[in-house]
Amino acid sequence: MTVTVWVPRDAGALALGAEAIARELLSAARASGAAIRLRRNGSRGLYWLEPLVEVECAAGRIAYGPVTERDVPELLEKGLLRGDAHPLRLGNIEELPWLASQQRLTFARVGRIDPLDLDDYRAHGGYRGLLRALEIGSAATVVEVVDSGLRGRGGAAFPTGIKWQTVLKQPPGQRYITCNADEGDSGTFSDRMLMEGDPFSVIEGMTIAGIAVSATCGYIYLRIEYPHAFRIMSAAIAAARQAGYLGNDVCGSGHAFDIEIRLGAGAYICGEETSMLESIEGRRGEIRVRPPLPAEKGLFGAPTVVNNVVTLATVPVVLASGAAAYRDFGQARSRGTLPLQLAGNVRRGGLVERAFGLTVRELLYDYGGGSASGRPIRAAQIGGPLGAYLPASQFDTPLEYEALAAIGAMLGHGGVVVFDDTVDMLEMAKYAMEFCAHESCGKCTPCRIGSVRGAEALGNIARGINPEGNLVLVEELCDTMVQASLCGLGGMAPFPVQSALKHFSEDFRKRVPGS
Amino acid sequence: MNPGAAPKPITQAERDEILGIVTRHRDRPGPLIEILHAVQDRLGCIPPEAVPLIAGALNQSRAEVHGVVTFYHHFRTAPRGRHVLRLCRAEACQSMRGRALEQHAMRSLGIGLGETTPDGGLTLEAVYCLGLCACSPAAMIDDEVHGRLTPERLDGLLRETGGVKP
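Residue numbers (the working numbering), protein chains in the order written: chain V, 1207 to 1721; chain L, 150 to 315.
Bear in mind the hints are in silico, worked out from the structure with no lab data behind them. Among the hints, erroneous ones may be present.
As the list claims (entries may be wrong) - Looking from chain V toward chain L, a few residues come up when the C-beta cut is under 7 Å (computed):
1) Ala1234
2) Gly1390
3) Ala1549
4) Gly1556
5) Gln1587
6) Val1623
We put the CB at the ideal spot given by N, CA and C, even for glycine.
Please build the complete structure, drawing on both the sequences and the hints.
Dropping the structure here:
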């Protein structure tokens, strides 16, 4: 009897040796005469257990991990293909509390299906959202998305349906759907996991958006640092086109919609929506002054929907199960679920999708299990390189938009990076300014010059050069950048610096001679 | 790139290659970055002589094309080494001793970030996030991703890469 074995092809699993395990499984099985069907999935997001091998048994998909290439012959010998006992055996993957306690809506299929198998996708609820959108029509589809309360998961948290309404209201003519897949924030990988683990959900979401606002053309702006996601997305687009889900007549509806991928070229700023549009148009990724909004005058001057990968992949869930079902998750003005990414110095890092409301502490300790180093957790940076550093005293804050804003922090794209007590917060503050200087598009002075001066001043504090004066200078620079920058890069790069100064002032004071 | 390594002038075949790429892409909307990607993928870099060729064929100014080439960190005007090690410098990797790994790599290779070993075997580059933040510290060697790196594992990988002796 042929046994089905799953080994992820997610870049995170590959980075930990999944490809060698797949090869070894095939050759060891062949040598022992065992018949296996090797299938490739995305990652379940339990990265501390990757590479994670799953075997289909009567009792469900039995997982083993973390597996190394060397473990494979012994695992086979001990009955891996029957789901037998072994120190690496984790049991039925779906019953592991870390996963079973999550509320996976957007990530429901990731890790469960073969990302490029359309039948698998449909068998797990795929394309139900699109069929419903085609049935209820453009205006009702937009209303569904408005009513769901879905807000942009890329970072700005703008209500998705309102954006679509604005595009729909524009005069007739060419419109575009753009998918922002320039996931550059450190500590975030949910876009990558979706594109590698469930690419059809992104395609379906874009197609629904296209039908909703009468756009026939979609672009995915994908960062060059994600070659695996590029290959999988490209293959999925070709497969969707082949099956009639993209093209001149989507599902026989008469609607035309197709998607093209544009690769970025290593500029963080191109994750900013107007900069991304400039880049798709083939120019320097300098930001545009708003207004006009992209929804009015976006790509090539036409009304344009700009949504993040997670947002678009959530749209089919909203359409398939209805706005009310989605809105029932979450709290206050943060509706639905949030795919959090737990990263850095943490024992059990990975993807945690839950209804809004989980606290930082629950994420770091209940899911994360504390630091990877075993030392006390001193700080967590939330929302990428422009997000604030939270001290332990703020760890009871719920991970939702307004609660974080109330303490001067932001959720961003949902990445949480954990630091133990060896972190030097002056160094992290200096890095924030250096990163801004490295990535500034140069269009506005506060960002272009402020970040360079900020890094210099923080470097001088580290060297003990006029620390009091330089601290005043840093505070003034931060204020200027926040108030006067044209976009979020210069406008938010001071957040990690200001939060470090506020909550970890001892790291700045100790450099002052005599203190 | 190494100081003093003057770029070789491009050959007629490379010139034809560039013009062929421009012809294939020029009718697409906003083609310039797509063209630059294609040129770099084929020639290993965007040689300075490519700029006026592309500009002329697209009816853009040389300044416009040069401006785009120099804006993006990914585009380079001189070839890299036979292999490329890209170390992630972003926060998640820093929280897992990424800076120590970076120091180790620079020390053992004897080069800094953005430089190539004297034998042309390997270029060391910084990268800002590979999306492998739950497997930090992370790096790419050519097209392969690697996570949970230690100095010892990095040395081993570089030895396997060949042509590199850390």
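Taking the hints in turn, this is what the structure says about them:
no.	hint	result
1	Ala1234	22 Å, violated
2	Gly1390	6 Å, holds
3	Ala1549	3 Å, holds
4	Gly1556	5 Å, holds
5	Gln1587	6 Å, holds
6	Val1623	5 Å, holds
Hint check: a violation occurs at hint 1 only; the rest are consistent with the structure.
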